[in-house]
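Protein chains: 2
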Amino acid sequence: MLSANEFKHLSALKVKKYREETRLFMAEGIKQVDEGIKSRYHCDLIVFRSDARDDIKETLHIASKKGIRCEEVRAKELERLADTVHTQGVIGYFRMPQTHAVDTNSPVLVYLDRINDPGNLGTMIRTADWFGFRDILLSPGCVEVFNPKVVRASMGSVFRGSFHQEVEVDELAELQKAGYSVVTTELEGSELKKYKPAEKTIVVLSSESHGVLPELASLADGRVKIPGVKGAESLNVAVAAGIILHKLFETGTGK
Amino acid sequence: MLSANEFKHLSALKVKKYREETRLFMAEGIKQVDEGIKSRYHCDLIVFRSDARDDIKETLHIASKKGIRCEEVRAKELERLADTVHTQGVIGYFRMPQTHAVDTNSPVLVYLDRINDPGNLGTMIRTADWFGFRDILLSPGCVEVFNPKVVRASMGSVFRGSFHQEVEVDELAELQKAGYSVVTTELEGSELKKYKPAEKTIVVLSSESHGVLPELASLADGRVKIPGVKGAESLNVAVAAGIILHKLFETGTGK
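So the sequences go chain by chain: A and B. In this text, residue positions in the first sequence follow my numbering: the first is 1, and each later residue adds one. In this text, residue positions in the second sequence follow my numbering: the first is 1, and each later residue adds one.
Isolated chain A (complex conformation) (with noise of 0.2 Å):
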């Protein structure tokens, strides 16, 4: 049973600053929770609404075998916990992994420029994943990964990413020193088509409201543009990062 101070605890890291005092983190569904309990992340608790006992069957079997922490919740608790409104039934709390440095022999690091919308970022960190681009870093500006937003879009992807937030363009500078070669994505940029990335690169994704930072334009080796006909104004973000990523990757690097 959980206490009326762990209920009021759990609930509090809806909110980001707790998290970041606690450095844990919630994740929301049935698939979220299974890829982070099969994760080399640390799982301190499960709770779950007893109608979702069967749906989660198999999580709780893997948790029971790895000595998780397993409490069924009355459906309004699991609501007071939620940040879904339609929720599953089953959340996790993780601990943060502790953030290394950059690795520097990745072929690819994917640089994500104030990306604002959880709904995107999960969504482009689910993506990276996908191709195999595991090493993210994030500016100031962007949603924080652990927003229970993002790991839902993630749809798990965030247990097997290293993240790297409030990445400052002057470390950027430092790594391109290092021997990465920075591309960004503009509308000035040049044909995707006869792109040929380096062989590392650090690929910079904007958001399509904000541009590319002034700082990181003119810091680039390279630019280059999704083609597209005249008329819709932009791409979305993430479907933008999809085209990209799916470039990198066809082209060899990174495997």
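Heads up, some of the hints might be wrong.
[Said to hold, decoys possible] No farther apart than 27 Å at their CA atoms in a straight line, the calculated lysine-lysine pairs in the BS3-like style are these: (1) Lys194/A / Lys200/B; (2) Lys16/A / Lys149/A; (3) Lys149/B / Lys76/B; (4) Lys38/B / Lys65/B; (5) Lys194/A / Lys193/B; (6) Lys196/A / Lys196/B; (7) Lys200/A / Lys194/B; (8) Lys193/A / Lys225/A; (9) Lys194/B / Lys194/A; (10) Lys200/B / Lys230/A; (11) Lys57/B / Lys149/B; (12) Lys194/A / Lys177/A.
[Said to hold, decoys possible] What the simulated footprint calls covered on chain B by chain A, stretch by stretch (three residues with Cβ under 8 Å from a Cβ of chain A suffice, anywhere in the stretch; the number is not a length): (13) 128 to 136; (14) 222 to 228; (15) 238 to 249.
No lab work stands behind these hints, which were simulated from the structure alone. Where a beta carbon is used, it is the ideal one built from N, C-alpha and C, also for glycine.
Fit chain B to the known structure of chain A by using the hints.
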């Protein structure tokens, strides 16, 4: 001023059944209304909150030139009409266009297979528009194109497409007989890199949770897959759509 009856009428447009009966729909947000009144769609009415007046000066100017009725409403009233919580303070009401036959001169037809998330559907319409693929066929089970969330996610692209809803597989079979090659996206497909589109293509985009409808899979002339590394289970359907449509655009189809 809007009468109480008009309020009831406009509020009811948040409901699909009422939209279908009246053939009217709403577009919320500055960008969406702007695109709408510049399009071939007929705009019946614009409502706005007084504090939004500065932001939509240009919109109101165009509307007045076109003789579109504009009504200022109080914040509370707009909230009642709006579909979003944080509204930008302006909503346009438009008439649904008449449905024409599918344009069989079009080199690319996009067939959306049971896309039931409005955000994904809107994003896919936006992406197809970017690449100039304006003929969109929707299977039964897709969200409705004129759902307010779809309209919003499309960022105005809904006003440029030509939509055919509730298109059954046997209609695709007819189009196939008329010269179209049907290609699906499947995990067991051939590499996208090696895919050479036919002169006339129907590209089928299926949701990642449902997969390809069996009848569609057996109809297909070709299957492609988006390569990735092991681990991540799937791509978001709107991201996958972006990668496939970019490929079709890049190989010259549709240009």
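Exercise. Within 27 Å, alpha carbon to alpha carbon, are Lys38/B and Lys65/B?
Worked result: 12 Å, holds
Problem set entry | Restraint status (C-alpha distance of Lys149/B to Lys76/B at most 27 Å) | OK: Lys149/B and Lys76/B at ~21 Å, within 27 Å.
Exercise. Does Lys149/A lie within 27 Å of Lys16/A when you go C-alpha to C-alpha?
Worked result: 12 Å, holds
Exercise. Mind checking, does the segment 238 to 249 of chain B have 3 or more residues with a CB under 8 Å from chain A?
Worked result: That given contact holds, which follows from 8 residues of the segment 238 to 249 of chain B lying within Cβ reach (below 8 Å) of chain A.
Problem set entry | Satisfaction of hint between Lys230/A and Lys200/B, Cα-Cα up to 27 Å | At roughly 22 Å apart (the allowed maximum being 27 Å), Lys230/A and Lys200/B satisfy the hint.
Problem set entry | Agreement of Lys57/B and Lys149/B with the hint, judged by alpha carbon distance not exceeding 27 Å | 24 Å, holds
Problem set entry | Satisfaction of hint between Lys177/A and Lys194/A, Cα-Cα up to 27 Å | Given that 27 Å is the threshold and the Cα spacing comes to 25 Å, the pair holds.
For this session: Quickly compare the C-alpha distance for Lys200/A and Lys194/B to 27 Å and report which way the hint goes.
Result: Given pair Lys200/A, Lys194/B holds - Cα atoms ~25 Å apart, limit 27 Å.
For this session: Please work out if Lys194/A and Lys200/B have their alpha carbons no farther apart than 27 Å.
Result: Roughly 25 Å separates the two Cα atoms, so the pair holds.
For this session: Given the hint that Lys194/B pairs with Lys194/A, test it: the Cα-Cα distance must not exceed 27 Å.
Result: 17 Å, holds
Problem set entry | Coverage of the segment 128 to 136 of chain B by chain A (three or more Cβ within 8 Å) | holds (count 4)
For this session: Go check the segment 222 to 228 of chain B versus chain A for me, would you? Three or more residues, Cβ under 8 Å, otherwise it fails.
Result: holds (count 3)
The structure meets every hint from the earlier list without exception.
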